[in-house]
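J.: Given next are the chains, with one letter for each unit.
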Amino acid sequence: MKVMTLNFLTCAVKNCKSSNDSFPLHPKEAELAKDDIEINPQLLINVLPRIDWAALRTTSTELGFPTLPEQPPSPEDLQSDEALLKELHELLMETQMMEGKLVCGHCGHEYAVKNGVANFLLPSHLV
Amino acid sequence: MGAHSLPSASAADAVAKLAAAEALKSTAASAASASSAPGSSTETALGTAQGASAAGGAGPVTAVPSSDTPSVAVDPEAEAEAYERANVHNVYEAIAPHFSATRYKPWPAVAQFLHAQQPGYVGLDVGCGNGKYLGVNKNVFMVGSDRSANLVAHANERVKELQKPQQQQPEAEVVRARIGGSKKEKKQKQEVPTGGERESEAPNAVIGKETGSEVAVANDVLVADGLSLPFREGRADFAICIAVIHHMSTRTRRQEAIRQLLKCVRPGGQVMVYVWALEQGESRRGWDEGGEQDLLVPWVLKSQQPKPKKEKQPKASKQKQKWPQQQQNHDSTEPQEAITAKNVGEKEATPTSSSILSPSSVPKDASMTIGGGTGAGVTEPASAAAAAVAGPDAKTDTGDAAASADAVFQRYYHLYRNGELEEDVLAARGAVVMSGYERDNWWVVATHATNDDTLQD
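First to last, the sequence lines map onto chains A and B.
Everything in the first sequence is counted per numbering that gives the first Met the number 0, starting at 0 for the first residue and increasing by one.
Everything in the second sequence is counted per numbering that gives the first Met the number 0, starting at 0 for the first residue and increasing by one.
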């Protein structure tokens with residue numbers, strides 16, 4: 000489970016979808032790992048505007064990383080600053096949540112992450 | 000960089016601190032541990048189906064006893080869900096390794112749709128199976144989801160393979176093993192994929208990187224139900240749902256699935272849906288216009304081993320097939336289907352088998368382990384029903400193997416008639432951008448209807 004992916008996930012429970020509390024999901028007891036992935040600058044620069052930066056800041060902080068700046072870097076920043084690009088790449092693409100739970104801030108349901116894969120199947124009473 | 004200082008070296012440090020030590024040792028170790036913590040790809044390929052409950056994320060799926068819901072199922076929705084669990088979900092859990100080994104070539108129309116997406120687009124693959132569409136377009140980020148944890152485990156393997164820094168070594172080994180065509184590999188060609196929906200007469204059996212690929216691709220996968228997706232609404236640029244919705248057993252659910260897909264994509268975002276067609280005049284399955292649309296289609300796990308392990312004893316044939324009307328056409332459809340399947344199966348399975356996932360050390364009785372080891376409570380209902388329905392057919396295409404050793408799994412399909420998919424898109428408050436027919440399948444590219452005022456919610 001990449002940090003990037005977390006930026007696009009919310010609670011699978013229907014009633015939670017409209018709540019602001021269900022996004023982003025909150026990592027709990029997270030075990031992280033770092034994959035070695037070749038950087039794809041074009042993809043990253045174009046992905047940037049698709050990121051919910053505020054949610055990324057939250058996730059990043061909750062995972063124990065230093066606080067991100069309030070505003071996202073601009074595409075120009077990324078284009079001209081290789082180090083910045085690499086940092087973003089490391090955070091979004093290379094950082095993996097291997098084990099732990101993702102908790103909905105609205106209903107409190109916990110989704111398990113095992114072997115790097117999150118499971119969003121709901122118990123029948125939540126469907 | 001100025002004011003924008005992202006977590007830099009310190010981020011990496013933090014990662015390192017938190018990470019399981021072995022996951023960081025090397026790329027190889029990282030990839031291996033990330034994709035299947037307990038062990039090698041061999042263990043994953045065979046172990047997921049065998050020990051579903053023990054295999055990490057697989058637990059929740061198999062933990063749901065298939066016998067529970069039917070007894071309490073009073074409303075149609077719950078009944079439909081229970082039916083799909085028995086006749087779709089559990090089957091895929093059981094056949095995941097074999098299914099995965101036969102699925103590697105993208106449908107042309109799907110590949111075209113994916114290649115049309117812009118660099119940096121974020122896409123979803125709902126019902127991603129073994130993840131064969133992840134990495135088709137290397138400049139988009141895709142998140143695949145599937146109901147089957149076992150298939151997702153395979154997809155995760157693929158993700159890890161695709162994102163590996165260029166190392167010719169592993170791939171070269173795979174190719175060599177494949178070309179070598181060792182006896183062991185030949186013995187792997189036990190599956191007879193009877194459903195042709197995710198066809199693949201692929202000349203290229205490499206599941207990982209495509210031939211000639213040199214760009215590392217980042218994707219991700221997760222386990223989720225297509226009707227309860229965890230994706231934030233309106234965020235994805237596009238979504239695909241290939242050979243999935245035809246497994247849903249009521250029209251309401253099929254339309255709701257399309258509705259869910261549409262909700263995931265931003266305004267203007269496109270959704271491609273691909274389903275098996277009723278009109279298959281060109282194929283030997285014998286299905287065509289006017290025929291029965293709701294069918295159970297067998298997947299035969301064949302064993303060519305002289306001494307197969309015994310299949311686990313069925314706990315009971317408790318899961319009596321409901322909806323008998325859906326089987327009425329079996330007699331007429333399955334023989335052709337079985338024949339087709341055999342041909343397809345041999346053609347497909349020979350080059351790949353499990354060799355990609357486990358190049359050298361597959362136990363000889365792998366197929367039977369898979370067929371029988373999925374947990375009786377999970378697979379037997381389908382299997383038992385299958386035996387009752389498809390037993391004779393299974394024999395017709397066994398010939399060279401002990402018929403009794405074959406495990407037959409029935410998958411439910413709704414075959415779409417001409418125009419039905421478009422109707423469902425409209426019912427899901429979508430608009431049809433384009434649609435077409437490709438080798439026994441109908442497909443549609445849909446987007447939000449312009450007057451869809453529910454987009455805001």
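Hints may contain errors.
Unchecked claim - Now the in silico label distances, taken between C-beta atoms and shown as ranges:
1) A/CYS106 / B/THR251: 40 to 48 Å
2) B/ALA115 / A/THR60: 35 to 43 Å
3) B/ARG438 / A/THR66: 32 to 40 Å
Stated by the list, open to error - For the chain A half of the interface with chain B, some residues (derived, Cβ under 8 Å), not all of them:
4) LEU8
5) ASN45
6) VAL46
7) ALA53
8) LEU55
Quick caveat, the hints were computed from the structure, so don't treat them as lab data.
No residue lacks a Cβ here, since even glycine has one placed at the ideal position from N, Cα and C.
J.: Note whether the CB distance of B/ARG438 and A/THR66 lies within 32 to 40 Å or breaks it.
T.: violated (53 Å)
J.: Quick one, is the A/ASN45 hint okay against chain B at 8 Å, beta carbons?
T.: Given a least distance of 2 Å, the restraint on A/ASN45 holds.
J.: For the range 35 to 43 Å, tell me whether the beta carbons of B/ALA115 and A/THR60 fit it or not.
T.: With Cβ atoms ~37 Å apart, the hint holds.
J.: Taking 8 Å as the limit, does the beta-carbon of A/ALA53 come near enough to a beta-carbon in chain B?
T.: This hint is violated: A/ALA53 lies away from chain B, its Cβ roughly 13 Å from the closest one there, beyond 8 Å.
J.: Given A/LEU55 as an interface hint, is its Cβ closer than 8 Å to any Cβ of chain B?
T.: violated (10 Å)
J.: At a threshold of 8 Å, is the proposed contact between A/VAL46 and chain B supported by beta-carbon distances?
T.: Hint holds; A/VAL46 Cβ to chain B Cβ min 5 Å, cut 8 Å.
J.: With respect to the beta-carbon atoms only, verify the hint that A/CYS106 and B/THR251 lie 40 to 48 Å apart.
T.: violated (25 Å)
J.: Taking the least C-beta to C-beta distance, is A/LEU8 closer than 8 Å to chain B?
T.: holds (5 Å)
Going down the numbered hints, you'll see the structure goes against 1, 3, 7 and 8, while the others check out.
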